[in-house]
Amino acid sequence: MADGRGEVTMGEDGIVRIVNPPGQRLGVAEINYMMAEQRRLGEGRKVPVLIDGRGVVSMSKEARQIGASPEYAGLTSRMAIVVGGPVSAMIGTFFFRVARPSFPVRLFSDFESALAWLRSPGEGTPGAT
Amino acid sequence: MSATPGIDVVLDLLTRIASGEEGARADPPGQDPVIDALVVGLTMLAEELDDERRRRTAAEALLDDERDAYARSPGLLCSIDAATLSIVKCNDTLARAVGVAAAELVGRPVAGLFRESDQEPAQRVLRAAAAGSPNAIPELHLRGATGDLRVTTAFSRTDAPSPRLRVVWTDVTQERVLEGHLLQAQKMQAVGRLSGGVAHDFNNILAIILASVSLLRESAGQGGAAGSLGDADLGDIEQAARRGADLTGQLLAFSRQHVAQPKRLELGGLVRDVDRMLRRLIPEGIAVSIVVPDASLFVTADPTQITQVLINLVVNARDAVSERGRILIEVDRVDLDEAYASKHFDVVPGHYALVSVSDDGSGMSADVLAQAFEPFFTTKSPGEGTGLGLSVCYGIVRQAGGHILLYSEPGQGTAVKVYLPLAEQDPAPQPSVAKAPVAAPAREVVLLVEDEAALRKLTARLLERAGYEVVGAANGLEALELMSRRASVDIVITDVVMPKLGGRALVDQLFRDGKTRAALYVSGYTANSIAHHGVLAEGVHFLAKPFTADQLLRAVRAALGGE
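The listed protein sequences derive, respectively, from chains A and B.
Counted the way our numbering counts, the first sequence spans residues 1 to 129.
Counted the way our numbering counts, the second sequence spans residues 1001 to 1563.
Okay, chain A solo, but in the shape it has when bound (with noise of 0.2 Å):
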């Protein structure tokens, strides 16, 4: 974890994970905090993201739309989100639903079917879970 912002690690398998404290409030620091140190550890390449969500109780706007930016989508090849409530649930979906990102995003409840599916070759259009 780094500064409340949230911890970015890549595991050996190139899938960058992010990983978000409890009560975490995603606004525009947290959010280019996170896609800085994915450009780091992804070498500006596009990679998989696995996301801890369940802690996040807010995302801002500004948040939601840096996340669905033509530029983050530069770094993300597809973004798997395990929720773990209503709240952040909801705000998962809005983040797909509303703000768009042009990368595939998934919500999960656990983290065996979010990691295999971004481990599955080819598939990756956008869609609910």
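Source of the hints: derived by calculation from the structure; they are not laboratory data.
Where a beta carbon is used, it is the ideal one built from N, C-alpha and C, also for glycine.
One side only, chain B facing chain A, incomplete, derived with CB under 8 Å:
#1 PRO1028
#2 PRO1033
#3 VAL1034
#4 ASP1036
#5 VAL1040
#6 GLY1041
#7 MET1044
#8 GLU1047
#9 GLU1048
Dock chain B against chain A, hints included.
Relative to chain A, chain B alone:
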């Protein structure tokens, strides 16, 4: 108290969003995850609504700007149904230009906007454009509220909301008029240069003829030989040469190379003074009215030349009227503003005196009007006119810094308007012009510089017979070389344009060296070397070629006496 903890936060937030409150937000109460999710979701929804509202406001403002720009555009804008070629909408500029309210134009066939002869070509062009294969678009004429408008056409095709042509017509009426004026001015300038050059060469020839006639006549008078020519023959030759000289003089006037001697003159007074002379030119059946203002209108111009303009215009009016009709000569003050100047080529805004000569005669067609100022263009029968009358007027008025306009309608009559810039109010001191008598010279010495050998020889003989001692030179350098061996002469008579060293430089050098008391320039034209735009400076003596013996001797005396 609400049944579900936190539901009141949800309801309150919903109410605020529904009432359109900008920035409606709430924090999740934290008592029930579902309620919290609802609050978070509603908050995000409110943010999206706010954003959408801002976008819509910005889009509406942009649309307003576009509507305003459309309405106020100087272009004549119109949308046309691609299938029916009827007007779907148009801007106010177009509506004003054609004198019909924009709302009334909607639904009308677009072809109706054009003058009759252009309706078919306009439809052809627009149909081709609607079909996606636009042809070259000719300039067309819209039927304007105050006359036809010449327009260029540009368009784009759109299929939303229905197939339409967006058309932009640009009014180029004024542009084309000014282009026409410019072309006309360029043509007149070219013709002026040509006729000026021809006149110059002819003047040398005529000068030789006239000088020869003078000598032959003198020789015959002294019992010498004039060949088989009698006095009547010499008279005929002289008269023919003088007619030739009149012609070259008119050509020079047209080409603005005539030497003008402008004075401050009161235009109304001048018109009144020449009234009697003008009336003598006009038969009784033609009524002549002269309207001159009480206030004085001073201009700076050569009175002889302005009189010439009046005579030429009145004679033209007389010939147009034929036997019965009216001629009106008016003098007035007019102020020409920027708007007027922008519509007329080479017109400077300012205060002008206007002399207009109008008649109710036969008038002129547009074709005749377009050529009216060209030298030798005439509609008169052979022998009735040289075709130089209006050309001379044009040259004189332009030389005086004014401009001349012609309005005419076949069968209605013609009005010629001459605008001369008003002079300053305070009268400038006028140099007195005294006519010097041809006094017998007291063996004064003349340096005669002329590159035309025959003319030099004849001029020298005229001067020698009048008692002068003449030393001749073919050009300026030869003259300086000759003067380096002489103390001085009384007067230098020199051509202006000569090879090697021109007259002006020669005279300046001789005056600097104290080698002459006086100078007289003789030339077929001024070439601006001794005169600025054909206007002589005070104290400069000039004799136009061709000249008679008497004119030469008078000019020499004037130059010597005016030192």
